[in-house]
Structures are given as structure tokens and as C-alpha cells.
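A.B. asks: For reference, the chains in residue letters:
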Amino acid sequence: MSDLDMKRRNFLKTSVGAAAVAIAPGMMLFQVANGSSEGVSAKVRWGMLIDTNQCKTGCNDCVTACNKENGLSGETKATDAQWIRKIEIKDISSGREVSLPMMCQHCEHPPCVDVCPTNASMKRADGIVLVDKHRCIGCRYCIMACPYKARSFVHEPLHDQNPDVPRGKGTVESCTLCVHRVDQGLQPACAEACPNKAILFGDLNDPQSEIAKKVRTVASVQVRADLRLNPGVRYQGL
Amino acid sequence: MPDLASLRFKNRMYYVLLAAAGLVALAGLYAVHMMETHGHIISGMNNQIVWGMPHVFAIFLIVAASGVLNVASIGSVFGKAIYKARAPLASLLSIAMLAGGLTVLMLDLGRPDRIIVAATNFNPTSVFAWNVVLYSGMFSLVVVYLWTMMERRMNPWNKAAGLAVFVWRFVLTTGTGLIFAFLTARQAYGSALLPPMFIVLSFAWGLAVFHVVQANIYAWNEKALDPDILRRKKNLLGVFVVGSLYMVATYHFTNLYFAHQSGFEHFILRDGGIYPALFWWGYVVLGNLLPLLLIYVPGLGKSKCVMLASMLVIAGAFALLYVFIIGGQAYPLSIFPGYQASSSFADGQIGSYQPSMYEVMLGLGGLAIAFIITTVSVRVLNFMPQDKPYISD
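Here the protein sequences line up with chains A and C, keeping their order. Quick note: the first sequence uses my numbering, first residue 1, plus one each step. Quick note: the second sequence uses my numbering, first residue 1, plus one each step.
Think of the hints as simulated: they come from the structure by calculation, not from any bench. All values derive from a computational prediction rather than experimental measurement. Don't take each hint at face value.
[As the list claims (entries may be wrong)] Cβ-to-Cβ under 8 Å is the rule here; a few derived chain A residues that face chain C:
#1 21
#2 59
#3 85
#4 90
#5 91
#6 115
#7 135
#8 156
Backbone N, C-alpha and C define an ideal beta-carbon position, used for all residues, glycine too.
Build out the structure end to end from the sequences listed, making use of the hints.
C.D. replies: Structure representation (C-alpha cells):
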């Protein structure tokens with residue numbers, strides 16, 4: 001091999017190396033900015049199983065965690081947004097009392113998605129029901145249609161938002177199942193915060209998942225199952 | 001022949017009226033600006049009562065806009081001469097009220113600046129999206145219909161256009177009823193009776209508005225309506241009022257029959273404070289029984305009585321819509337049937353609602369827009385009913 005060839009080869013090697021060093025950070029940033037190019041899979045159905053026997057009256061930890069995670073004020077005026085709330089219910093005939101968290105039930109057939117005139121209310125392939133804040137015109141028809149009172153309208157200008165959870169005055173919002181956490185492989189904030197592990201989160205479609213196994217073995221119900229919306233959130237001990 | 005002084009006075013009066021309506025419309029725009037800046041927090045609406053006073057005004061205007069066309073349809077579709085003479089005025093009123101109602105509805109949105117999204121992203125399963133098509137279609141059809149009436153060369157198309165409008169407005173009011181009929185989880189709504197109920201209500205409300213406007217136009221032009229024509233039209237109003245009362249009664253009776261709905265009916269008809277009061281006194285007594293007396297009691301039923309009856313029907317319409325829209329939302333959703341519920345989000349509680357000044361300003365702004373469109377059009381174009389000597393047909 002001639003000396004000239006070696007020089008040329010070294011030059012090419014150095015050039016390629018330098019180019020790689022120059023481009024690599026950009027590529028990584030591109031990856032960070034765009035996230036995974038892989039879309040969510042319809043093979044997954046995210047859901048929750050809430051054990052009301054473990055849910056304690058007076059405990060509000062799931063609500064506090066949700067507010068902190070999603071940048072909600074935590075106030076409870078009639079005009080304030082509440083993505084998750086604790087409901088105390090009492091059986092009128094037996095007097096039995098139960099405390100449970102209530103939020104968007106992430107229905108398979110969500111009425112909010114049906115009625116939304118602009119397709120702002122939508123269901124992801126993995127079953128998470130969301131509102132596209134750029135498309136929502138604030139007509140509130142979805143709030144009228146939701147059987148669970150799960151949605152809130154933003155009545156006031158917002159400040160200090162969490163960058164992962166965009167919100168907007170004049171639009172409707174609800175529990176996102178902490179989609180920004182779920183996409184990173186984490187649990188929703190409420191499930192993580194529950195001191196009694198009353199909220200079990202997972203993939204209902206994966207027969208090996210803890211939630212699927214438990215749903216198969218213990219009695220659980222969907223709220224307003226008569227409406228046949230097939231919610232992704234189920235309750236045990238109701 | 002009116003003298004010059006009286007003509008001058010009327011001319012000035014016309015501009016004063018127009019300016020007054022313009023101010024009301026401007027006040028409505030100011031309310032929109034305030035709601036845009038501060039958010040809906042300055043309205044009386046909240047997360048339980050999400051549709052408030054603006055929707056009462058908007059739905060009245062839209063339903064009446066459909067019903068007023070009855071006058072035109074009886075003329076064009078069924079060929080009755082006295083109605084045909086009134087078809088242009090009825091069409092104008094329809095356009096004016098539709099414009100006013102839709103303006104209110106659009107400006108009450110959380111993001112009215114994004115209204116174009118409603119056209120670019122169309123969800124075929126949404127009744128609201130259907131209504132976007134139905135309202136704009138109605139608007140265009142009525143304009144064409146007016147054209148076929150007012151342009152001699154287009155006259156041959158009048159019957160076809162009239163028939164199209166006739167069909168379209170039934171579909172439109174069905175669409176308005178369906179907005180509520182499809183809300184299956186709500187106790188107050190979710191009934192297949194609502195679309196036909198809205199259709200019959202539209203007949204009465206539209207005709208009442210027509211009577212009021214017609215009486216004013218005749219008075220302004222110092223003309224007297226043929227008593228025979230008045231008699232026929234007041235009888236029609238009476239029939240529509242009875243019909244709408246029947247539909248509303250049927251809706252409540254069917255609800256009372258279903259055990260799971262009885263709680264809601266007791267609330268709206270007996271225990272709900274302002275709502276039963278408005279329903280019985282506002283809608284039933286003032287909006288129905290009194291107008292029926294004014295129309296049918298021997299010795300009454302003269303021009304002034306019909307005018308008063310029509311105004312009462314309109315007032316009753318507002319009372320009914322307030323009870324239906326706001327009372328319907330105030331009653332809590334039954335998320336856990338058979339359980340008592342309580343939470344920080346007003347579960348199991350009656351929702352509270354105090355309409356704010358801004359909402360009323362926006363609603364009145366819609367009425368003002370309808371008024372301005374009507375007044376200007378009546379002045380510049382010939383909408384005055386031209387009756388031939390009355391022959392019963």
C-alpha cells in the first residue's frame with residue numbers, strides 16, 4: 001500500500017469520526033425532542049383496579065399527588081378543575097359506607113369522544129382518553145355527556161404549568177392517566193401515592209400482568225356498567 | 001297620507017331604535033371580551049352547570065328561527081294565500097334569529113377564536129358537528145328561498161325551495177332536540193321525546209315571535225290587519241300552544257312513570273325552589289294558560305290580546321328553557337344509583353347557579369343582532385305582507 005493511500009485512508013477515517021462526533025448530539029436531541037418514534041400499541045389496554053376495601057375515608061393522598069403531578073391548584077371551588085376526587089357513598093338500603101377515588105374511567109366507548117364536534121376528545125390506541133388542547137373549542141358538550149362527571153372546564157387563566165402537562169384556559173380537561181408518566185414506563189401519580197396500594201395500574205390486555213390476573217380472580221365492577229361503555233377503571237368491593 | 005312632521009319623527013325614531021339595539025349588541029361584545037380576558041370565571045357557570053344563560057337565549061333564538069318558518073311553509077307548501085304573503089317576513093325573521101342565536105352560541109365558547117376548527121375537524125358522530133352543517137345549510141336555504149320569492153325570474157323555483165326549507169327545518173329542530181336526547185346518563189335529558197317536543201315548541205315560539213313583529217310593523221306603517229286573518233292566525237297560535245303543552249306534559253309524565261327518574265321529576269316539579277316556580281308560574285300559567293285565555297275567551301282575542309298572548313308565550317319559552325337547561329344540569333348525576341354520594345366536586349348535591357351580568361349581556365346581544373337585521377331589512381326591502389282582500393281558502 002502506498003503512503004498516499006494510507007494518508008487518504010486516515011483522512012477519511014478522521015473525517016467520518018469528526019462528522020459522527022458533530023452529528024451525534026444533534027441526533028440525540030432529535031430523539032429527545034420527538035420521543036420514541038414508535039406509536040402506542042392497540043395491543044395494550046391501560047386500566048386500573050381500585051380496591052375500595054383498602055381506600056380509607058379521609059385519606060386524600062391520591063388527589064394531592066394528582067394535583068402536584070399535573071399542576072392543578074388543589075382548590076375545590078365549583079369552578080376549579082378536579083381530575084380525581086374522593087367520593088363517599090352510602091348504600092341507601094343497607095347503610096354500608098364506601099370511600100373511593102373517581103376520575104376519568106377511560107371508557108372503551110367514551111361518550112365524550114362521540115359528542116366532541118372537533119375530535120379534540122380522543123382515545124389513544126392503548127385506551128387512554130385525552131383532550132387535544134389545541135383542538136378543543138370549549139363547547140363543554142363532553143362535560144354534559146360524561147356519566148362520571150370526570151371532566152372540568154378551565155375557568156381562569158393559568159400560571160406555572162407543568163411543561164409535561166399542557167393545560168389551557170377555555171378548554172376542557174380530565175385525568176390523562178398520567179400519560180406522560182405511563183409513556184416513560186412509570187405508574188400514574190395516584191397509584192404510586194396510595195399508601196394502601198388500593199390503586200392497581202396495568203395492562204388489562206396482558207394476561208400475565210398483575211391487574212389482568214387480579215381482575216380474573218376477584219369480583220370487580222365497572223361503574224354504570226348498564227351504559228355499556230366498558231370503562232378501563234374497575235372497582236373491587238363495591 | 002301621513003304628514004311630513006310625522007314622517008320626520010318616524011325617521012328619527014328609526015335611527016334611535018337602531019342605535020339603541022347597536023348599543024345592546026356592543027354591550028354583548030364587551031361581555032365576550034371580558035369572558036375572553038378573565039375566563040368563564042366571571043360568568044355564573046361552573047363545572048356542574050356548564051351551560052347557562054347564553055344557552056337559554058341561543059336555543060330560544062334557534063328554535064324560534066325554525067318555527068317561524070311555519071308561516072312560510074303553510075304558504076309555499078300548502079298554498080294558503082294569507083301565509084304566502086307573509087313568507088318573506090317569516091324567512092327574514094328566521095335568518096335574523098338564527099344569526100343572533102348562533103352568534104351567542106359561538107361567542108360563549110371557551111375558545112371562540114378557534115371556531116374555524118369546527119369546520120376543519122369534523123367528527124361525524126357528534127350531534128354538535130351535525131348541527132354546524134344543519135345551521136349553515138338552513139341559513140343558505142332560507143336565503144335561496146327568499147331569493148325565489150323576491151326575484152320575479154326565480155319565482156318558478158319558489159315551491160321547490162319552500163319544500164326544501166320545510167324539510168330542512170324539521171331536521172334542524174330534530175338536531176337541536178338530539179343535542180339533549182343523546183345525553184343518556186343525565187336524568188333530565190336522554191329521552192327520544194325531546195326532538196318532537198322541540199319541533200312542536202318551535203311552532204308556538206316561532207309564531208309568537210312572528211305575531212309580535214307583524215303587529216309592530218303594521219302599527220309602524222299605520223295599517224290594520226284584516227280581522228279575519230288575525231282570527232285565523234290566533235287560532236293557529238292557540239293550537240300550537242296546546243300542542244306544546246301536551247308535549248311538555250308527556251315528557252314529564254313518562255319521566256314520572258320510570259321509577260329511576262322520579263327523583264329528578266320531584267326536584268324539577270316540586271322541591272327544586274326556583275325551577276318548579278319558573279315551570280308552573282312562568283311556563284304553565286304565564287306562558288300557556290294565560291295566552292290560551294287571551295286567545296279563546298269570548299270577547300277577547302282582539303289584536304291587543306293576541307299581541308299580549310304572543311309576548312307571554314315568548315316569556316314562557318324563556319322560563320321553560322331555563323328550567324330545562326339549567327335545572328336539568330343542577331340535578332346531580334346518578335353515578336352510583338342506589339347510593340347517597342358526597343364529594344368535593346358536588347357529587348350528590350344540587351348545583352348552584354347565579355347568572356352573571358355578562359351572560360345576560362351576551363344573550364341580549366344576540367336578541368339585538370336579530371332585531372337589527374330585521375329592522376334594517378324591513379326598511380330597505382319590501383317585507384310588508386301584501387294581502388289581497390281575504391277569501392277563505
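A.B. asks: Quick check on residue 91(A) please, does its C-beta sit within 8 Å of some C-beta on chain C?
C.D. replies: With a minimum Cβ separation of about 6 Å from chain C (threshold 8 Å), the hint on residue 91(A) holds.
A.B. asks: Hint validation: residue 21(A) versus chain C, beta carbon distance must be below 8 Å. Holds or violated?
C.D. replies: violated, 44 Å
A.B. asks: Hint residue 59(A) vs chain C: min CB-CB distance below 8 Å?
C.D. replies: Violated - the Cβ of residue 59(A) stays beyond 8 Å from chain C, reaching only about 13 Å at its closest.
A.B. asks: Holds or violated: is the Cβ of residue 135(A) closer than 8 Å to a Cβ in chain C?
C.D. replies: Hint holds; residue 135(A) Cβ to chain C Cβ min 6 Å, cut 8 Å.
A.B. asks: Verify the interface restraint on residue 85(A): the C-beta must sit less than 8 Å from at least one C-beta of chain C.
C.D. replies: With Cβ-Cβ at 5 Å, under 8 Å, it holds.
A.B. asks: How about residue 90(A): closest beta carbon in chain C under 8 Å, or not?
C.D. replies: This hint holds: residue 90(A) lies near chain C, its Cβ roughly 5 Å from the closest one there, short of 8 Å.
A.B. asks: With chain C as the partner, please determine if residue 156(A) meets the hint condition of a C-beta pair closer than 8 Å.
C.D. replies: holds, 5 Å
A.B. asks: Under 8 Å is the threshold here; is the Cβ of residue 115(A) close enough to any Cβ of chain C for the hint to stand?
C.D. replies: Nearest chain C Cβ about 5 Å off; hint holds.
When the structure is compared with the earlier hints, violations turn up for hints 1 and 2 and for no others.
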